Amino acid sequence: MPPAALAIHLSIGQVYAFSVFKIPLSRLIGGAQSTPGDWSLTTLAWIFSVAIVVLGLSAAIFGAWLERVGPRRAMFTAALCFGSGFWVAAAGVALHHLWLVVLGYGVLGGVGLGLGYISPVSTLIKWFPDRPGMATGMAIMGFGGGAMIAAPLSVSLMTRLGGIAPHGVAPTFLVLGAAYFLYMMFGVLIVRVPPPGWSPPVGATNATRRSAGPNTDVNVAWRTARFWLVWIVLCMNVTAGIGILEQASPMVQEMFKGRITAAAAAGYVSLLSLANMTGRFIWSSVSDYIGRKATYAIFFALGAALYASVPALGASDALPLFVIVTAVLLSMYGGGFATVPAYLRDLFGTSQVGAIHGRLLTAWSVAGVLGPLLVNHIRDTRLAAGVSKAHAYDTTMYVMAALLTVGFIANALVPRTSKDV
Amino acid sequence: MSEHQERRASSLAPLVGAWLVVGIPFAYGVYQVLVKALALFRARV
Chain S
559 MPPAALAIHL SIGQVYAFSV FKIPLSRLIG GAQSTPGDWS LTTLAWIFSV AIVVLGLSAA
619 IFGAWLERVG PRRAMFTAAL CFGSGFWVAA AGVALHHLWL VVLGYGVLGG VGLGLGYISP
679 VSTLIKWFPD RPGMATGMAI MGFGGGAMIA APLSVSLMTR LGGIAPHGVA PTFLVLGAAY
739 FLYMMFGVLI VRVPPPGWSP PVGATNATRR SAGPNTDVNV AWRTARFWLV WIVLCMNVTA
799 GIGILEQASP MVQEMFKGRI TAAAAAGYVS LLSLANMTGR FIWSSVSDYI GRKATYAIFF
859 ALGAALYASV PALGASDALP LFVIVTAVLL SMYGGGFATV PAYLRDLFGT SQVGAIHGRL
919 LTAWSVAGVL GPLLVNHIRD TRLAAGVSKA HAYDTTMYVM AALLTVGFIA NALVPRTSKD
979 V
Chain X
69 MSEHQERRAS SLAPLVGAWL VVGIPFAYGV YQVLVKALAL FRARV
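Top line first, the protein sequences correspond to chains S and X. The numbering of the first sequence is the working numbering, which starts it at 559 and goes up by one. The numbering of the second sequence is the working numbering, which starts it at 69 and goes up by one.
These are computed hints drawn from the structure, not numbers from a lab. Computed from a predicted structure; not experimentally measured. Treat the hints with caution; some may be incorrect.
To be verified - Sample of chain S residues with no beta-carbon within 10 Å of chain X, all distances over it, derived:
(1) 580
(2) 585
(3) 821
(4) 875
(5) 881
(6) 928
(7) 931
Said to hold, decoys possible - Only some residues are given here: those of chain S computed to face chain X with a beta carbon under 10 Å:
(8) 561
(9) 745
(10) 866
The beta carbon of each residue, even a glycine, is placed where N, CA and C say it ideally should be.
Working from the sequences, and respecting the hints, build out all of it.
Next up, the structure:
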């Protein structure tokens, strides 16, 4: 089962690498430079935003259907939507119709993202009842790793196919659509659902066995206070993480002016991606031992303290410490995503955890829009007030620390499960 | 090889194959990121 889940998540994780297409897409007519007829970078940002919003909405809408038909059919539908989304987007690029690119990559691809993201979760939890955090963390780590494969692959394809179409974007979309469809089909073919009542052999694990909560219907679960508390927990954690992710490259260059080149900044962003990815597996595995509530309490308490320390680190020119602190912050951002399915399983049982997780992912959609808006607005306001670029991020960091404090309170209010006591 | 060992080997092969199919691209991605991340330490002014 883990390879099937990884095949799906490694594919749909491509969405985090969409930025490699932004510059080529903004120069389809002009060639070497953008011309007035070309799409602006701001307009192109909508493609990614729509994909993330549709991810959350489709996960919320189709989650109950997934629980009814099982993971194989849902994963097949995800593969079909994600692959064909690239093909529709390729037509949009070739015809230079932005609405078609948004419809293809954003809407159709977004449905593939949402369905693909939640499909393996409940099955993994059922296969690994003693280590649900580690199991889902492994799959969701694949989502983080997907961009690492997609970014160099896409750049290489665009270079090779550049002779066929402007910047090779349309043919690259066609190849990626076919490749991801086939790779996801590998996951579809090998996925297995455990037999009813399955449990791992006794002595196969040392993890503390945390009993699942009472099985709760999705339509009941999402009307409870504990669901919305966990929703706030996820939303605050994601919004705060985006605070760094969104501006990592310009932030490190402006805070340490003269010490960091553009190439070094790109290396810094890569390091953060690695921390984000490994954090997904490590933190979710740790949560199997210390409990979900304690894990999130660490994310929020330590996270708030670290965010509040970032301006001081910038002012004191402590670059190595700055890199370590932001890497830890990003590891907790990834860990927040990966630990939440197990948190839901502890609270609402395993029977509809995929559907409940789907509803919860609307928090990601909100954070995906709210986070960048907040961060960019604060930075612009500070710059307009005459603050230097090096200090323009200070307020952002304090706001992120405040958001994590809200998350800490919401997490503290979540009722304890029997094993958390 | 005993019958038990043969059965075990025949059930292990698809599992190893499946892990390789996802493990190789994953390792490629991690390698690419590590190479890029090294630039942080090499290209500092």
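The hints, checked one at a time:
1. 580: holds (18 Å)
2. 585: holds (23 Å)
3. 821: violated (4 Å)
4. 875: The assertion about residue 875/S holds, with a minimum of 12 Å to chain X.
5. 881: violated (7 Å)
6. 928: holds (28 Å)
7. 931: holds (28 Å)
8. 561: holds (4 Å)
9. 745: holds (9 Å)
10. 866: At 24 Å from the nearest chain X Cβ, residue 866/S fails the 10 Å test, so the hint is violated.
Consistency with the previously given hints fails for numbers 3, 5 and 10, ordered from lowest to highest.
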